[in-house]
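So the protein lines, in turn, are chains R and P. Counting in our numbering, the first sequence runs from 1 upward without gaps. Counting in our numbering, the second sequence runs from 243 upward without gaps.
If you are wondering where the hints come from, they were derived from the structure by calculation, not from laboratory data. Everything numeric in this text was worked out from a predicted model, so none of it was measured. Built from N, CA and C at the ideal position, the CB exists for glycine as well. Please note that the accuracy of each hint is not assured.
Said to hold, decoys possible - To give an idea of the interface, some chain R residues facing chain P are shown, with a C-beta separation under 7 Å as derived from the structure:
id, residue
1, N48
2, T54
3, M81
4, F89
5, V105
6, V108
7, R110
8, M153
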Amino acid sequence: MIELVDVHKYFGHNEVLKGIDLKVKQGEVIVVIGPSGSGKSTMLRCINKLEDVTKGHIYIDGQDITDPKNDINALRQKVGMVFQSFNLFPHLTALQNVTIAPVRVQKVDRRQAEDKGRELLARVGLAGKEDFFPSKLSGGQQQRVAIARALAMEPEVMLFDEVTSALDPELVKEVLDVMKNLALGGMTMVCVTHEMGFGREVGTRAIFMDEGVIMEENIPSELFAHPRNKRTQAFLGKVLAQ
Amino acid sequence: MSFLTSISNWLDSIPVIHQFASPKILASVFPFLLEGAKLTILFAVLGELFGIPLGLLAAVFKLSKLKVLRALSTIYVDFFRGTPLLVQLYIGLFALPIAFPVIQKVPDFTFYGGVAVLAVNSGAYVAEIFRAGIESIHKGQMEAARSLGFSYLKAMWYVIIPQTFRRVLPPLTNEFIALLKDTALLSALAITELAMKARYLSSWKANVSPFMGAALIYLAMTIPLTRLVAYMEKRLAISD
Ligand SMILES: Nc1ncnc2c1ncn2[C@@H]1O[C@H](COP(=O)(O)OP(=O)(O)O)[C@@H](O)[C@H]1O
Ligand SMILES: [Mg+2]
Chain R
1 MIELVDVHKY FGHNEVLKGI DLKVKQGEVI VVIGPSGSGK STMLRCINKL EDVTKGHIYI
61 DGQDITDPKN DINALRQKVG MVFQSFNLFP HLTALQNVTI APVRVQKVDR RQAEDKGREL
121 LARVGLAGKE DFFPSKLSGG QQQRVAIARA LAMEPEVMLF DEVTSALDPE LVKEVLDVMK
181 NLALGGMTMV CVTHEMGFGR EVGTRAIFMD EGVIMEENIP SELFAHPRNK RTQAFLGKVL
241 AQ
Chain P
243 MSFLTSISNW LDSIPVIHQF ASPKILASVF PFLLEGAKLT ILFAVLGELF GIPLGLLAAV
303 FKLSKLKVLR ALSTIYVDFF RGTPLLVQLY IGLFALPIAF PVIQKVPDFT FYGGVAVLAV
363 NSGAYVAEIF RAGIESIHKG QMEAARSLGF SYLKAMWYVI IPQTFRRVLP PLTNEFIALL
423 KDTALLSALA ITELAMKARY LSSWKANVSP FMGAALIYLA MTIPLTRLVA YMEKRLAISD
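Just chain P, with the same shape it has in the complex:
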């Protein structure tokens, strides 16, 4: 222990290391950073959880025979993929509450608003993933289902979509990784997720080490997921 302490002291005596990755400061802020990471995960998981059904719906709309539904889906996907998430957050959490003051009465509206914006943003990307997945299923599958009396939507739900799962899982995981990192933008709304926590801690300690700590925590979350994607893609390539 004293050996570790002396190494840590020695490292802290080097100015550059003290400023960027001071072991002492990292150790003291780590529990607070983990608090922030919890919120980061909560936002990402909730965003993805609501984003997936939304994206699925948008994908089914996009492939529908009805022009109105296709147009709705296109507008939705284009808007949320074509504008920065930060702008979407500003619109959702600053502009909309001014236009519709009732929103401000919702308890924790920053939290729910943040989740909502993340979900609709993620849904737009998920929509493209599911659309590609559904289009990759041979059209004979839909025909066989329809010939058995399935309605279009029932055929989608029971026959086509289950077959896309294996194929969409890797890109969906990638989308989750992206969303996880994008939650850092919530700091613009003073939500104390990981990045914001790091900013507070950094100014409190007058030292940038908390940012390095935050980066390490992001990596601890994203690297296993990236490896998982690579593994799934390899399995998929073998079975195809």
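One chain only, chain R, in its complex shape:
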């Protein structure tokens, strides 16, 4: 489904990804952990081509997104992305946020898009909030709209970049619950998150990244409980001590 082959990414002379190899199969839920600045966001952003890789290849359904011949706008529709800072469109209501891409990009009939949009908002627990503008919603609600917005394009994979870390603690659960339901529904997901409980519960594989390389990977419960790599041990020690 997604395959990263020897992906390198430089910002100027700063090598941020130093040869990432990763295969994500259909239905997998990958949990990515690692210290700040280790390249987790950059990796996700490369998968969605928000950043261009410097060297290496990324395949989505066998199509190389680093090949300029491939239609990046079409490929991006297969990959949904949810950001730490929500990035909802502030001039649009919750429902319009969810329908704008299907209507304007996929040319879905507006009625049909709205019906599906309402359904999606209900699925993330926001029935009745369709006509609210983002500024009138809590952080947790905004993030759930952002998830619904990404789902509206019917992506094959969803990327989550620390989607709960900007939220007040009491709002984290409502977002994680939505993600859990998605995972249980069979969605392929790559989640950068430090929510260990979530990772253990729905993750099929966990990855520890540090300094632009994947240091260790394992099933989440193993990686969290019995890290083998020294760096992983140190990192988990710090996270658990918080």
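Given chain R's structure and the hints, the job is docking chain P with the ligands onto it.
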């Protein structure tokens, strides 16, 4: 009525007032000045109407990844902001028709040429307004749109530009005010907008009062707009 007439007569008997703001002359030229004001408004509105899409396009070019588009935009903006409007009008309405005589065959070419020069001039200023507006939108907005499959231009059109409207409205209104006043330069092309009308009337009446009349009419148009800008800026400051 007779009371007003006697005041007016008394004012007209004072030489300085008679020369600069004679009530009698103002009253008699006022309808003609309004005719000129109509043309002034028409030029300003048409200039702005075409200037806005032009400026928007130039702003998008300026922010493009393509060097050619950025260069085109820079040349355009630099030229029209860096040269006097009067010179631009001379080039557009005197020089170009000589170089390309077909232009002279266009009916009313002075009118359309005037509108065109005003539009491209205004567009250069509008471009900077939109560029600043677009740059003020958080880059996460473009990324979110692109991640949903929007092309760059579609993301601009449906996501970024609508968000700039509130922010660009006050400077765009300021630009309209400037353009409204700049239409007076059209008198150099013998277009009978407000300022030219005032000049004709002044020489006809051998009196400068028509200019005062024209000034009052300009003020009647610009002051409400200036107040509107101040109001919009205050609202914007509160909501930010
Ligand atoms: N646009 C950018 N320009 C330059 N450096 C960047 C940019 N984005 C990220 N970096 C750098 O890349 C490194 C990895 O960042 P990031 O992928 O955000 O890490 P993480 O998400 O793991 O915290 C950091 O050192 C960061 O400063
Ligand atoms: Mg990050």
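Comparing the hints with the structure gives:
| no. | hint | verdict |
| --- | --- | --- |
| 1 | N48 | 5 Å, holds |
| 2 | T54 | 17 Å, violated |
| 3 | M81 | 4 Å, holds |
| 4 | F89 | 6 Å, holds |
| 5 | V105 | 5 Å, holds |
| 6 | V108 | 12 Å, violated |
| 7 | R110 | 13 Å, violated |
| 8 | M153 | 6 Å, holds |
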